[in-house]
Structures are given as structure tokens and as C-alpha cells.
Amino acid sequence: MTVSETHPRKRVSEDNTITNKRHKISATHQETECPTEDVKLIMPKPVTTSPALFPDRKKHIQTIANIIKRKQPSVKTPNLRATEIEYEIARSTTHVTYASTLRNAILKLQHPEKFQSRNQVKKHSQENQLKLLKSIEVSVAKLRQYGFVMSVPEATPYAKITRNCQRCDTEFKLSQQLESTSCEFHYGRVRRNPDNKTRYYDCCLAPKDDSKPCDIRKHHVYQNLSPEEKQSICPYVKTEDIFDQKGKYSVLGIDCEMGYTTRGFELMRVTAVDYFTLKTVMDTYVLPFGEVVDFNTRFSGISAIDEKFVSFNQMIQELGIVMDKDTILIGHGLENDMNALRLIHSHIIDTSILYPKFESTPTSRKSLKDLTFKYLSRNIQVGDHDSAEDSIAAIEIVKYHVGRMDVQNT
Numbered sequence: 001m002t003v004s005e006t007h008p009r010k011r012v013s014e015d016n017t018i019t020n021k022r023h024k025i026s027a028t029h030q031e032t033e034c035p036t037e038d039v040k041l042i043m044p045k046p047v048t049t050s051p052a053l054f055p056d057r058k059k060h061i062q063t064i065a066n067i068i069k070r071k072q073p074s075v076k077t078p079n080l081r082a083t084e085i086e087y088e089i090a091r092s093t094t095h096v097t098y099a100s101t102l103r104n105a106i107l108k109l110q111h112p113e114k115f116q117s118r119n120q121v122k123k124h125s126q127e128n129q130l131k132l133l134k135s136i137e138v139s140v141a142k143l144r145q146y147g148f149v150m151s152v153p154e155a156t157p158y159a160k161i162t163r164n165c166q167r168c169d170t171e172f173k174l175s176q177q178l179e180s181t182s183c184e185f186h187y188g189r190v191r192r193n194p195d196n197k198t199r200y201y202d203c204c205l206a207p208k209d210d211s212k213p214c215d216i217r218k219h220h221v222y223q224n225l226s227p228e229e230k231q232s233i234c235p236y237v238k239t240e241d242i243f244d245q246k247g248k249y250s251v252l253g254i255d256c257e258m259g260y261t262t263r264g265f266e267l268m269r270v271t272a273v274d275y276f277t278l279k280t281v282m283d284t285y286v287l288p289f290g291e292v293v294d295f296n297t298r299f300s301g302i303s304a305i306d307e308k309f310v311s312f313n314q315m316i317q318e319l320g321i322v323m324d325k326d327t328i329l330i331g332h333g334l335e336n337d338m339n340a341l342r343l344i345h346s347h348i349i350d351t352s353i354l355y356p357k358f359e360s361t362p363t364s365r366k367s368l369k370d371l372t373f374k375y376l377s378r379n380i381q382v383g384d385h386d387s388a389e390d391s392i393a394a395i396e397i398v399k400y401h402v403g404r405m406d407v408q409n410t
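Under UniProt numbering, the residue at position 17 of the sequence shown is numbered 17, and the numbers go up by one with no gaps.
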């Protein structure tokens, strides 16, 4: 006698249970794939390591949902769609890259037409994209014109005992730099009012010719101006001489953060972003050679030195893993970054030179913030400092340019 014959009711009950479970699973699967009703209460989906606070994630989902309702009225479940969009960003970013990635996604929803030319890039293989990028690399002659060091200079130490403050222009003795004093200055850029042609500081909106400094610090600071002086502190090297192994990435966005020390304006952080994925592939804090005078926190985002800081040489070793002598480096005002890194490299795309095409000069260049707003309709460098944000912005501007090249060639 079989089991089914011995316990017929039990077998029928089990079959019904299995059938019901299958129906339930099938129904659940259908609901997940094609939900017909939207959720009323917005709740962020949990991730292993949240890149933002719960209330902030919830607020961003609501913003995305509102845009979908306005721009895509045919979508029946805007809240669910918004939740999924935010979730994909939250689970694939860090607290450093979350905000900029989210802003980019929101802008694509708000202004899809502005991203059409950039999306043309996706039609190409990486090999074809590399060909387009190589065609807009800055020539070595032009790199020299814009302040890039393209040959190893002679080391010439600074001979004078005084400097002029980079911020307030006061002359001070180097031996007294760590002594407390009063350094008053404007930290912002001087801008021109298009209506009445007057000039003002964008940090406090005060007129240029009649304004009291809006910031006060306790120490004067300086920069090492000449390549020869920089060479005496830390030597320049050619990437072809030190990066002899194949790097992981063919195109990188690079951004360096600096702080003031007793040895000048020194490198304290290096961030590298992959061109194709916009993922941060290197984010290294660097110990300066001199004693810190001012972390330049407003612009660097650094406020203290801790255990995550590594030596300059170790940073170079880490950089040699993600790049090599043929890697294309993208950035804005990259001569400053390359000087800080003490690297001589010939594969450069600098957005301050690339855009605007006929207005850019070595002495007058648009800021990255202005270019990002003009070409990407996006505000950057607001709120908490995001080191990867500048790299991503420069990359997106280049992608915009490459997208337009593609449209013109089709």
C-alpha cells in the first residue's frame, strides 16, 4: 500500500498547500514586476551601508516621484519607480558619491533633452570612445602654455626669509608663520555684475572696491610659485618612467585637495573616478611634507589628520595601480593637480581649456562651477564638500562634448 493510499487526506492537503504557495509566489512575482497600484507611504529600501540619513533618502525619493508625476504622467506608480531609482543609487554609492550621483539622476529626469547628446556616447564601444577622447587631448605645447610642467626642472630652493600671504598679501617672516596673527581676506572669486558692470566678491556679495574682508584666520599662508621651488621640496617625475605596469583604467577624472603648510600649498587628498562608470576608484589622503597651518577646510573638506593618511610615495604607488603612462586624465585646471602630484603626463583633457572653445586663455578661464551650470544645468560645490563631485562634473562635461562630436559626425 502506498503512502497516498494510507493517508489520502494528508496527501490532498499537501497538494493543495503546494498549489496555494505556488499561486501566492506567482502573484507576488507579478506584483513585483508589474504593480498596478502605487504605494501611498514612501519608505526607502534598506541597504547594507546607507550613504545618507533616512529622512534625507525619503525626501529625495519624494522629489524624484514629483518629477516623474510631472514629466511622465503615464507612469502609474511614480512612488514605486522613485523608490527603485533611489535604491539603485543608494546601494551602489558611498556617502561621498551619493549626493552627486543623485543630483545627476534627478537632472536626467528633469531635462532628458539635455542628455540626448551625451547618451550618444553609449552607442560606441569603449575603443571608439577612446579614439574620440584622444582626438581632444591637449597638445604638449598648449599644456606648457597653460602652466603644465612638461620637463623636469632644476631644483632652486627659496632664498628669501619672507613671503607674501596668498590670502591677504601681507608680507610675513617664514620663521613666524606658526605664530598667531590676523589674516583678513575674501575667500571668494571676484565676479562682474552684467547689469551695471560693477565687480563683487561671490563669497559675501560685497563690492570689490568698498568692502571689509569677510573672513579672518590666525595665520598667513603661501604657495610655492615656481616649478624650480617645488622641485626642491619634492621632485617631478614622468609617468612613463614610474608607471611601467598596465593600469586598471584607460580614462580617469582626477581631483586633488590641498592645504596650507609650512612648506607651502600641499597635496592632502587625491580622488580618481572612472570615466565610463563614474565610480570612485581611488580616494587617498596624503600626509604633507610640512606642518599644517590651515587645512583649507572650506575647499578641501579636510579638518584633521588621522590614521587614514598615507605617505606621498605610498599615494604614488596606489595611483600607479589605477593608471599608467597612457591613461587619459580629465579634470579642470589640471595643471594645479599635476603640480601637486609632481607628475609630468602628456595625455590630458582639461575642461578649462576645452570650454568655452574660443574664450579660454591661460589668464582667464571659466570656473568648473560655471561650466557645469552652463552645459549640464547643474549646481555643484554647494553644501558639504564632495571630493568626487568635481571629477564627475569634469567627466560629464567631456561626455557632453564627445556626444556633440558624435551627433555632428552622424
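Just so you know, these hints were derived from the structure itself, not from any lab. Heads up, some of the hints might be wrong.
[Unchecked claim] Within a straight-line C-alpha distance of at most 30 Å, the following computed DSSO-like cross-link-like pairs (lysine-lysine) qualify:
| no. | residue 1 | residue 2 |
| --- | --- | --- |
| 1 | LYS212 | LYS369 |
| 2 | LYS131 | LYS374 |
| 3 | LYS131 | LYS71 |
| 4 | LYS248 | LYS131 |
| 5 | LYS131 | LYS160 |
| 6 | LYS238 | LYS325 |
| 7 | LYS45 | LYS197 |
| 8 | LYS279 | LYS58 |
| 9 | LYS71 | LYS369 |
| 10 | LYS131 | LYS69 |
| 11 | LYS197 | LYS246 |
| 12 | LYS248 | LYS325 |
| 13 | LYS59 | LYS76 |
| 14 | LYS374 | LYS208 |
| 15 | LYS374 | LYS279 |
| 16 | LYS71 | LYS45 |
Now the hints, each set against the structure:
{"no.": "1", "hint": "LYS212 to LYS369", "in the structure": "holds, 25 Å"}
{"no.": "2", "hint": "LYS131 to LYS374", "in the structure": "holds, 26 Å"}
{"no.": "3", "hint": "LYS131 to LYS71", "in the structure": "violated, 36 Å"}
{"no.": "4", "hint": "LYS248 to LYS131", "in the structure": "holds, 18 Å"}
{"no.": "5", "hint": "LYS131 to LYS160", "in the structure": "violated, 48 Å"}
{"no.": "6", "hint": "LYS238 to LYS325", "in the structure": "holds, 8 Å"}
{"no.": "7", "hint": "LYS45 to LYS197", "in the structure": "violated, 51 Å"}
{"no.": "8", "hint": "LYS279 to LYS58", "in the structure": "holds, 23 Å"}
{"no.": "9", "hint": "LYS71 to LYS369", "in the structure": "holds, 27 Å"}
{"no.": "10", "hint": "LYS131 to LYS69", "in the structure": "violated, 40 Å"}
{"no.": "11", "hint": "LYS197 to LYS246", "in the structure": "violated, 52 Å"}
{"no.": "12", "hint": "LYS248 to LYS325", "in the structure": "holds, 12 Å"}
{"no.": "13", "hint": "LYS59 to LYS76", "in the structure": "holds, 20 Å"}
{"no.": "14", "hint": "LYS374 to LYS208", "in the structure": "holds, 25 Å"}
{"no.": "15", "hint": "LYS374 to LYS279", "in the structure": "holds, 24 Å"}
{"no.": "16", "hint": "LYS71 to LYS45", "in the structure": "holds, 24 Å"}
Comparing the model with each earlier hint shows violations of hints 3, 5, 7, 10, 11; every other hint is respected.
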